[in-house]
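> As you go down the protein sequences, you meet chains A and B in turn.
Under our numbering, residues 2 to 255 are what the first sequence spells out, in order.
Under our numbering, residues 1074 to 1221 are what the second sequence spells out, in order.
These aren't lab readings, by the way, just hints derived from the structure by calculation.
Virtual Cβ for every residue (Gly too), placed ideally from N, Cα, C.
Keep in mind that the hints are not guaranteed to be accurate.
Pairs of lysine-lysine residues, derived as DSS-like cross-links and limited to a Cα-Cα distance of at most 25 angstroms, are as follows [stated by the list, open to error]:
1. B:Lys1155 <-> B:Lys1171
2. A:Lys80 <-> B:Lys1150
3. A:Lys113 <-> A:Lys154
4. A:Lys114 <-> A:Lys154
5. A:Lys137 <-> A:Lys114
6. B:Lys1171 <-> A:Lys80
Per the computed footprint, the stretches of chain A lying under chain B, defined by three or more beta-carbons under 8 angstroms from a beta-carbon of chain B, are [claimed, not checked]:
7. 89-99
8. 107-113
9. 159-170
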Amino acid sequence: MHRCSYLPLVTESVREVFVKSGVAFTGHDADIWYEYRGVPLKWHYPIGLLHDLLTSQYRGSSPLPWHIIIHFTNFPTDKLIRINAANIIDTPHDSFMSMIKEADYIRNGSIKKLMSLSKQDQTNLWQGLSSHDYDKFWNVNARLVTNDNTIPKYIPLRVYLLDQPVIQEPVAPVDDNLDCEYTLRDILGRMLPEIFPPSLDAPTTEGADNTRKSDASEAVAILHGIVIPIETPILWLSQNCSYPDNFLHIVICR
Amino acid sequence: MRGLHSRSILTSKRDTPTRLTTLDRFGCVRSPSASIVFTMSDNPTSPISSPPTPRTANPAAKVVVRFRATGNAPILKQNFYKITASQKFQTVMNFLRKELNYKAQDPLFLYVNSAFAPAPDEIVGNLYKCFGTEGNLIINYSTTAAWG
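Using the sequences and the hints given, assemble the complete structure.
Written out as structure tokens, the structure reads:
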């Protein structure tokens, strides 16, 4: 499965495989859901994010392929958003476009940039994503994610921890004087100071730096399945490593 | 530094009635005779429903939501309500649907700042921190897909 895709986009072909091999399923694709180690998988999360979220704690002990379980009955409406059968593709499309709009709003304080794209360009975003047409998608998305080469007001970013609700708050890419680019360390240090203490390079009092070093070395930031160097500028990360929905979905693993 | 501190998510008293109804119980359906409880898991990896682990010092901090009708959508008698920051956006959706007496199949679309529709599991406190204006989180609602 593509990291930068969504579960509803693979359901039809997955269902066909199972039905061909004997599964007696006569329901609708909207009844199908997925689970990993007892956790129902949210269809509106990118597949890559789901993988990072649910397997990062098993790093080293749970190699690929990623084994997930497909269910054809008992959709858990208390844990997953139910898609109306008639809207099995429209709903993921609408959800994806809402994320793109939210990202544009975060960057610019409005969705004017997105809405100024032609209808065809807006359509090409989803079509490019769902058909894995890299050029079709990037011909449009390059403008959004680089913000037409202007510095965005804030960065579309969500931080995920395994034992806390999702964190999203205003993240400026540069300081007020526009002369200091914030790094991932700066951002995470402010969001989660107990997990990412202040820079270890700063002068410290005697004896304090060894303790901080051992506390900080435990946590890593994972994006697209790889550990991101903590000194990476957040603006560069946003322009080059965002998911197709224009967000940085960063999983913290301790 | 600009943008890196959380904004206050305590109830604003400016231009709002002094006593606001809280929407928290619309994590459940309001009617006393109803028994549906919506308790989607807060932690993305939790296999069972569990209480949210609050990040803020005050887990009971409230956000003021301001509803604005769009197009032909009915106007509420009261537009300002408060909700605990850790609640999901689904709670706001449940409340509005009930307040307008809309059934599950009646179309109702909710947007933040006339711009985008949050996913039902987005956290109200996060939405307020990122998109709140003048102490409120503005929720536009319509019976057709206005900005979809």
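> Each hint: holds or not?
Hints, verified against the model:
no.: 1; hint: B:Lys1155 <-> B:Lys1171; in the structure: 16 angstroms, holds
no.: 2; hint: A:Lys80 <-> B:Lys1150; in the structure: 33 angstroms, violated
no.: 3; hint: A:Lys113 <-> A:Lys154; in the structure: 14 angstroms, holds
no.: 4; hint: A:Lys114 <-> A:Lys154; in the structure: 14 angstroms, holds
no.: 5; hint: A:Lys137 <-> A:Lys114; in the structure: 18 angstroms, holds
no.: 6; hint: B:Lys1171 <-> A:Lys80; in the structure: 21 angstroms, holds
no.: 7; hint: 89-99; in the structure: holds (count 4)
no.: 8; hint: 107-113; in the structure: holds (count 3)
no.: 9; hint: 159-170; in the structure: holds (count 9)
Of the numbered hints listed earlier, the single one contradicted by the structure is hint 2.
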